[in-house]
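The two chains are supplied separately, each in an independent frame; assemble them into the complex guided by the hints.
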Amino acid sequence: MSRIREAFANGKAFIPFVTCGDPDLETTAAVVRACAENGADLIELGIPFSDPTAEGPVIQGANLRALTGGVTTDKIFDLVRDLRRDVTVPMVFMTYANVVYSYGAERFISTCRQIGIDGLILPDLPYEEKDEFLPLCRQYGVDLISLIAPTSRNRIAMIAKEAEGFIYVVSSLGVTGTRSEIKTDLASIVEVIRGSTDVPCAIGFGISTPEQARKMASVADGAIVGSAIIKILEKHGADAAPYVGEYVKSMKDAVRG
Amino acid sequence: MTNPNGRFGIHGGQYIPETLMNAVIELEAAYNHYKDDPEFNRELTQLFNEYAGRPSRLYYAEKMTKDLGGAKIYLKREDLNHTGAHKINNVLGQALLAKKMGKTRLIAETGAGQHGVATATAAALMGMECVVFMGEEDTKRQALNVYRMRLLGAEVIPVKTGTATLKDAVSEAMREWTSRIDDTHYCLGSVMGPHPFPTIVRDFQAVISKEIRQQLKEKEGRLPDAVIACVGGGSNAIGSFYHFIGDESVRLIGCEAAGRGIDTFETAATINTGRLGIFHGMKSYFCQDEYGQIAPVYSISAGLDYPGIGPEHAHLHDIGRAEYVPVTDDEAVCAFEYLAKTEGIIPAIESAHAVAHAMKIAPEMGRDQIIVITISGRGDKDCAAIARYRGEDIHE
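From first to last, the protein sequence lines stand for chains V and Z. So the number in our numbering is just where the residue sits in the first sequence, counting from 1, plus 177. So the number in our numbering is just where the residue sits in the second sequence, counting from 1, plus 472.
Extracted from the complex, chain Z is given alone in its bound form (with noise of 0.2 Å):
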């Protein structure tokens, strides 16, 4: 889908400044080289399987099929990964890559900290230095997880600019690697910022696809007819979409963190209330005020408040391929709960949007028809803010 500048449509592109340009190059020039071969990807695939469990079970959810009455659901359980998440693919894959380029530290941005703790694992593993940057507000919504990354031998600097959310640790991450790049690697956790990186990323996550496809192949010896995931910048998205982009018959649906709801101002659903624009690299789909000032968004979820989304995702709705739905608080709470006492599976609160939104279309679709639900982490670092939602003040 990306052309050779890195679009995919009118979107993408490297809007970066001149001092990070010859890293980009250098990366890309790397990424080509070893994206095909046979030894990277060895190492590669037995880091996936050896390290981090993979493949990733597809489970059928028989008590919430029948619950729901409608399609049959089955959900991709990204949750068991190891560190708990999807994040971990893009990381291995995005670590061995820079190790290969002679790199010795990674830095990265995350939101909700699941990014930053398969980035501080990752450099764990393969003896790297790791820098993490996070919102100071995301580090105390996120406690656990900044107390995790820590204990894997990674600094976290919390972010005191603008909105001290997930986009100021992107720009702060950005910030460091312009004045530190000949020995670090920026290990950026989704499909977006200046092209490669939402073409690696997407490729490291395009697993959870592939797998998709084969497993429900043998349990079921057919396609899906929906895949629904989350979308924040969109990595577990277009990674859960990516080997069904050329089945028409296969609705591919992002759900985004509406927050409070879209016609409000508390809301971080960019292709449902955002226009075009240019930032953090690339131009997409963004939330911001009439002069293009950068908007604050709100959700829940640490991991989905970001005003932005991944070009290829922006694209994909263009032409109209995949679906984007807001998803409220209230509705992703309620589905959380619904998951943890229904099949007894507590999904992250950003993977409980894309279960919100299953909840609605499922019981109106055919008890022969399948959708395919990425359950894109595990919810134990939600607990205590969602007890605090339903007004219970525990603390970890």
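So that you can see chain V by itself, here it is in the shape it has in the complex (with noise of 0.2 Å):
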């Protein structure tokens, strides 16, 4: 059992999502323990991608910032590594397969194992390409985390019953981004899911109110919140930690449940 089972053991988990180097690598390390003092369960730390085809505008624009402040692959390898120092929360990568690809996937995986990496969310692999990391994911230690889509229908039972440390529960169609209302019938997705594997499932895309995330985990075993925390850096800057913790402590309020 790896780590990221530890999340759910506190109840409904909350799981906020950060770019890392937005709008810089500091700033991030101050935020990601800003998250873990507050009550995260699991944290997503995003390696930002030139071209992510599945974000919306407000982590497209996180994306951009990071990037053109000079962010890369192995600077966020070091901020992992200063953040183990003293957080312990469990944490997963989230980028494109080109990220971990092109650095040699043998080489980022095993970095991920080393550094106390406990999983890897990537969008643009499906369950029909799960090969490409996968063998290499099981070799260290690392989740490939599976995602699973109002449009799954057919694939969910199939994708739930090889699912590794959580299910990525994609509520609504479209990219990432904060929603007024999730209208997608969850609980149905949900129950196929649970009739289907014991690995925990949380819902991420859309969220940004404490109502929605207590919606969300009610259904659930946790949500995931990324765009309404980007929202809040491009608010404060350099400055966001303590804005970013006190949100995280809200929802966490909000799902505990």
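Read the hints as simulated data drawn from the structure, not as lab findings. Don't be surprised by glycine CBs; every beta carbon is placed ideally from N, CA and C. Take the hints with a grain of salt, since some may be wrong.
To be verified - The following label-pair restraints were derived from C-beta to C-beta distances:
id: 1; chain 1: V; residue 1: E388; chain 2: Z; residue 2: I497; range: 33 to 39 Å
id: 2; chain 1: Z; residue 1: E627; chain 2: V; residue 2: A334; range: 34 to 40 Å
id: 3; chain 1: V; residue 1: K412; chain 2: Z; residue 2: D852; range: 47 to 53 Å
Said to hold, decoys possible - Simulated coverage check for chain V against chain Z, where a stretch passes if three residues somewhere in it have a Cβ under 8 Å from a Cβ of chain Z:
id: 4; segment: 216–228
id: 5; segment: 296–307
id: 6; segment: 326–332
id: 7; segment: 346–353
In structure tokens form, the structure reads like this:
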């Protein structure tokens, strides 16, 4: 059992996302520590990509700011090494297949293991292509996280049966970004997942308010929030950490149930 | 050439968000059903012949042949198709397929605007809604095509992200597709993206080489010695190559946009400067930095200004079956002017890349040898930009 399971041991999980290097790595370090101190159960660290096709405008903006600021995969590995001196919360990378592939899959995944990264979320690596990285992820004990979408229908059980760590349930059609309303029948999707695996599932895409988070967490095992946190970073820049901390605390309180 | 997982050698695949997986699976099933359906093929052939004006001419460029003093040169005149480029072949096929699938809305990316115009045209003809994503930079370079698309009833959305060119238009079209799948078909314009697109687009464009083969047999009673086409994503090139892949005697030459040169950063020559990667749904060669960030590419040609290449081309390169050569902006502009003055044909600046390479190799070949150059599109859209390149400021 990987460390990711621990994230779901404190009631419903709250999972914040932050793009590394937005606006700089010092801020990211402070924000991640603020998340951990305020009850985040698992933290998603985004490695920026030049062309993030699954992201809406807010996270696209964060990717662009980070890359313009000169962030690289190696610098992010150093950030994690530094964070792991005191942060014990499970952490996963969220990035795109080419960032891993281009670095050298084995070099990337073995480094994840070495620096204390517990899992990998790659939105452009569906079930059909997971063998690209899965054998190496297994070899180095890094969970390759599966995603399930509102359009997955007949694919849900197939994906869930082989899932590791946790399952990322995409709440809505489209790209990441806050939404006023989430209409997908998530309860039925989660029901199929629960019939196929005991791997926990968390819902992401479109969640921003404590009310939405509470609702999502009541259906699944946790809620994931990205764009709403990036908006706090957009507003407060290098001073964002306490504001993100406060937000994470309110969200964790909401999902705890 | 495709295996069941949509691979060409190691290239291709389906590297896309889970949200789109059922959409591409349904597309593949529909395509496999209709591709051998006599009624579908009858309708498509009728559209090709009666609407698009096929078969396109294979024209003997006698003056050019004599001037260069080597191989006999034929031009495959895709520029004479309705809408002025080869793009219509693929679009009519995909639009008909989408209609059979019950889709009512087409979305597309476009670089030079030719694919966008073709998609808007097919949508108008078939009574479908149409939205075209185009890099903001390209909407400026190709203002006339933006107007044509709007005239045809399409909505044109300028894409401001990234480099605001073709790759960003593809990304934005993919994002749009994930948000609206039920009634929408993504009419991808080149032999790229996730399986089954590289196969579907190739099959609809393969009419080019099918006709070349037959037309040259009638005119010369033999196969060509070389087939030359420009390559961005590579749809007119794969269409021109496809029915010759099994004929080892036929050299297949793809001309990449080298921009200001392959030793500069201002280039879009993927095979010559890129390396293996995963992007826009496929494994192939891409221009990228050491961390896998996709590189901003440059070419005078908006249609070749793309950092990747279709997976079947990547495979033909790997196995040595096709050659991929760089052609600079300057060489392409010279060829653009040369073909206009020599044959009275103004080629698209994309196609001029192929003409430029033919001008290099034809004089070295024997007079008994034959080159076919695919003129993928007409050059009216490029006149203002070429005039600016030559320091003449004309307004459209």
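>> Run through the hints listed earlier and report the numbers of any the structure violates, in increasing order.
In response: none
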